[in-house]
Amino acid sequence: MELKPLLEALLFVTEEPLPPAKLAELVGAETKAVRQALQELQKEYAAADRGLQVIELAGGFQLATKPEAAAVVEKLYTGEKSFTLSQAALETLAIIAYRQPVTRVEIEAVRGVKVDSVLETLQKRRFIRVAGRKDAPGRPVLYGTTKEFLKYFGLKDLSELPQLAPPK
Amino acid sequence: MELKPLLEALLFVTEEPLPPAKLAELVGAETKAVRQALQELQKEYAAADRGLQVIELAGGFQLATKPEAAAVVEKLYTGEKSFTLSQAALETLAIIAYRQPVTRVEIEAVRGVKVDSVLETLQKRRFIRVAGRKDAPGRPVLYGTTKEFLKYFGLKDLSELPQLAPPK
Amino acid sequence: MDLQVNLPVFSGPFALLFHLIEKAEVDIYEISVAEITSQYLQALREMQELNLEIAAEFLVMAATLLKLKSKKLLPETVEVAETEEEEMPVIDSREELVQRLLEYRYFRDVAAELRRCEAAQKRVYIRSLGGKALLVNPDEEITLAGVTLPALLEAFQRLLTERERQPQEIAPDDLSVQDKMQAVLKAVRGKKDGVDFRELFSPQAGIAEIITTFIALLELIRLRKIVVWQSGPFGRLLVMRKS
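Protein chains in written order, with our numbering: chain A, 325 to 492; chain B, 325 to 492; chain C, 602 to 844.
These aren't lab readings, by the way, just hints derived from the structure by calculation.
As the structure is a prediction and not an experimental result, all values here were calculated from the model.
Among these hints, one or two may not hold up.
Below, in silico cross-link-like pairs of lysine-lysine (DSS-like), each with a Cα-Cα straight-line distance of 25 angstroms or less [as the list claims (entries may be wrong)]:
1. B/K438 x B/K458
2. C/K826 x B/K399
3. C/K723 x B/K328
4. A/K471 x C/K723
5. A/K399 x B/K399
6. A/K356 x B/K328
7. A/K480 x C/K826
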């Protein structure tokens, strides 16, 4: 089998986005050739008569349905994606994403509220992780975002975070 | 979205083969039209440059990988299942696993043969790694096992490996 | 009690402040501390009347606002009693309050963008069943059927500990995993109820042989040639051929 169909099969079965280097290792090809084949696949699936797409997520690739098919898919799996983040969780995530690595106190300074329980929830949900400790009195824990965070928001990497004019 | 891409999305996400009647109900179309679209999809995926196929199973349809892609898919899920370690490699691994960190000379003392090439293979395969240097004349390299090793044997954690008492 | 509440749920005191500023259609740079303080206190009062739980932080902000307001009335030198919780940041001037509001607004806007990303990604579905069901030649999962790996390793460890107390013998040269795999397969052949884990290790076996046998066992499990069962917690480990 050629490179492209092999990649297609891998993008289909994988549960996690697969980075080009990993794909190259699995199929035994050059990463460059893999990237090119991925681009071709991406273009082919982009056609209007296709219901799937090749998405780039958290540094990897995988097959997914197109948004236009969501209504029909949801009929098959009712309420599958009912989980939605609370406003408090979203604001906290926003601060961590843009300010990482960041301490709890720094987050609280921006939000004006205690964030202990929100941080706990976000960690349980694996959206954030402890990214080290700050070189400051008490050596407070520093938080950063995870791959899971990128996946949840459909981001390729942190550079894809919505760019807004920063506060002066 | 047209009928065919919607069906493609459903055949992709479904856990169970979907009968044409069920598909028709989900997309809100005639069963006859669904059957025809399924046939088209089946033909399109049958092309040699595709890694997937539309299979009919127990009266239903779903997407699946082609048999030619099985080897690569299996690699993804089992970490190179087809690869089998040589007996020499296994024995060397056993010694490293239970005596780590251990030097080449110590391994050779147990196995009674030179292990240079075996160590090289195991390192290339990323089952072992240099874990430091022994505080002894010549400062010989110390070997230890890796995550790859645990994965290959289906072990969860390095800490789960029982440590042996040193030989008397 | 089912109260119809028109007030949105505020994620914190800044969210409430923002709501008030937007409602009053005032530019953040132009806010009057006195004005915003009285509105803030009014909002808290309404929340109280609606029996909404008011988190401590909302009260801290109220105190902060009151302090800022009173500072303007008092001579510079007068110290106002500190009411902040120790870790909460102190806001000492109107300018600082404006800065904090601007910073908060930035992240509130970012959060709104993330909300849009969340909504978009919710419409995209990936397969999440691990591919096994859809492989044309689905392989069975590698299993330690009914026995956990730690249990297996524990049994192995016990065996090693016992044997290490015995005098050591020189390991025979021809010790091979391949041979041990054959030996294990032979031992379990025809034994419908399985063979006791310990029986696979001959009483004379030294450490090297035990390790080799154990590796052979792991290999056979991996190759799905055998399964290991445990009758219950601390029960005997039974090794049997995979049917």
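Check: Which hints from the list above does the structure break, by number from lowest to highest?
Finding: When the structure is compared with the hints, numbers 5, 6 and 7 turn out to be violated.
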